[in-house]
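Colleague: Since the structure of chain X is provided, determine the placement of chain Y on it from the hints.
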Amino acid sequence: MVIDEELVKRCMNNEPAAQKALYTLLGSKLFALCLRYTKDRTEAEDWLQESFIKIYTHLHSFKFEGSFEGWAKRVTVNFILSDIRKKKNVRFSDELDENVLFTDESAHSTIGHEELIYFISLLPEGKRIIFNLSVIEGYSHKEIAEKLNITEGTSRGQLAKAREQLIEIHKKHNKINAKQVS
Amino acid sequence: MPNKYPEELDQLDSFYQDQLGNVEVLPPADMWDRISASREKDRNKKGFGFPFSNNQKNIGIVILLVLIGVSSAVYFLNNDSEPGTKNSVPVINTPTDNSTAPENESTDTEQPINKTTKENIRSKKTSDAKTVEYNTTENNSSLEEVKTEVYQIQPKIEVVDIVPVEKQEEPAEKAPKKKVSFKEKYKKEYQDSTRNLFVPDKK
Numbered sequence: 000m001v002i003d004e005e006l007v008k009r010c011m012n013n014e015p016a017a018q019k020a021l022y023t024l025l026g027s028k029l030f031a032l033c034l035r036y037t038k039d040r041t042e043a044e045d046w047l048q049e050s051f052i053k054i055y056t057h058l059h060s061f062k063f064e065g066s067f068e069g070w071a072k073r074v075t076v077n078f079i080l081s082d083i084r085k086k087k088n089v090r091f092s093d094e095l096d097e098n099v100l101f102t103d104e105s106a107h108s109t110i111g112h113e114e115l116i117y118f119i120s121l122l123p124e125g126k127r128i129i130f131n132l133s134v135i136e137g138y139s140h141k142e143i144a145e146k147l148n149i150t151e152g153t154s155r156g157q158l159a160k161a162r163e164q165l166i167e168i169h170k171k172h173n174k175i176n177a178k179q180v181s
Numbered sequence: 000m001p002n003k004y005p006e007e008l009d010q011l012d013s014f015y016q017d018q019l020g021n022v023e024v025l026p027p028a029d030m031w032d033r034i035s036a037s038r039e040k041d042r043n044k045k046g047f048g049f050p051f052s053n054n055q056k057n058i059g060i061v062i063l064l065v066l067i068g069v070s071s072a073v074y075f076l077n078n079d080s081e082p083g084t085k086n087s088v089p090v091i092n093t094p095t096d097n098s099t100a101p102e103n104e105s106t107d108t109e110q111p112i113n114k115t116t117k118e119n120i121r122s123k124k125t126s127d128a129k130t131v132e133y134n135t136t137e138n139n140s141s142l143e144e145v146k147t148e149v150y151q152i153q154p155k156i157e158v159v160d161i162v163p164v165e166k167q168e169e170p171a172e173k174a175p176k177k178k179v180s181f182k183e184k185y186k187k188e189y190q191d192s193t194r195n196l197f198v199p200d201k202k
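Residue numbers (numbering that gives the first Met the number 0), protein chains in the order written: chain X, 0 to 181; chain Y, 0 to 202.
These are computed hints drawn from the structure, not numbers from a lab. Glycine included, C-beta positions come from ideal geometry on N, C-alpha and C. Only true hints are included.
Taking lysine-lysine and the DSS-like style, the derived pairs with C-alpha atoms no more than 30 angstroms apart in a straight line are:
1. Lys40/Y - Lys86/X
2. Lys87/X - Lys40/Y
3. Lys44/Y - Lys85/X
4. Lys44/Y - Lys62/X
5. Lys170/X - Lys3/Y
6. Lys62/X - Lys19/X
7. Lys87/X - Lys44/Y
8. Lys3/Y - Lys174/X
9. Lys53/X - Lys40/Y
10. Lys62/X - Lys40/Y
11. Lys56/Y - Lys85/X
12. Lys19/X - Lys44/Y
13. Lys38/X - Lys40/Y
14. Lys40/Y - Lys28/X
15. Lys85/X - Lys146/X
16. Lys53/X - Lys28/X
17. Lys53/X - Lys56/Y
18. Lys40/Y - Lys72/X
19. Lys3/Y - Lys171/X
20. Lys56/Y - Lys86/X
21. Lys160/X - Lys3/Y
22. Lys3/Y - Lys178/X
23. Lys146/X - Lys28/X
24. Lys44/Y - Lys72/X
Stretch-level coverage of chain Y by chain X, calculated; a stretch enters the list once three of its residues show a Cβ under 8 angstroms from a Cβ in chain X:
25. 5-13
26. 29-39
The following block holds chain X by itself, in its conformation from the complex (with noise of 0.2 angstroms):
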């Protein structure tokens, strides 16, 4: 099924089956996106919940101009990043969560796109909500600095850090998993 335009209409018009029909195209993608940018699974439906009352709120202002769907996920990362700069000031350590990068749980033999988002989860903050705007969302260094209210330089700086802690989460979970095999 496909997000097309007779279903967002008639989402604008308040129809409960069309909403419910959007919800369960779009649900699942949506989840996705926000347990990238926590580590917390409750906080993450919590977003999730709010953002579709977003979507659903502001329907209005969606001019049919590229996907609906690209539309509902800027419209949710918004709203995350909303929400956390509310909670919190992002901070921009360097240091990894050690206590829970090398457990039994977190090693696995095969590859999977929830241990992707593990190992995202396990970046500080900031590096972490860089690395999912830049890399997985696809915005510039320019909109990632206006959204976050920092320079262009700080979020390429915390992007190259990111990537590098990643490579390091990487090679130690090959490690692992190379052990375990053999």
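Modeller: Just chain Y now, kept in the frame of chain X:
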């Protein structure tokens, strides 16, 4: 799905984009119920609340303030432009030496001072007892304004009372009345009222 995570930087971005670009994770089963309940709650709130957006509220407040400003300006300008409608004017009560005199005589000293032109004010001045200076605009214009009031009271005057009294409304365009001094007016009234007291009995 590869069995090994990339260990080179140049492979990292494309690896994550491919793997996570279109990932789907099932949300909790009750998520839709939570969303619809939350929306229903919001709708009920809006139904009982102020049914206007923030912009409409702001515009309404501005219009209200402008209306209040205009109506108050009109009210004050109208009041100023009609001198007859002023509620009170100062009256200088300057009792003379025989302040213990009967009522009919004490009224001699009560002189209401009307705010009129400079000439009128000056004509009412009693040079030895008091000096009153009014700076007013000519011809009773609406912006009539009293700038200074100076009272010079001679030592022989014991008490100076400034009593606001209601000014008698006078139509502006009526023919000027014949001025009757207070002394004459009250003297006549006193005589009228006391005349019957001394009528001898007809018996």
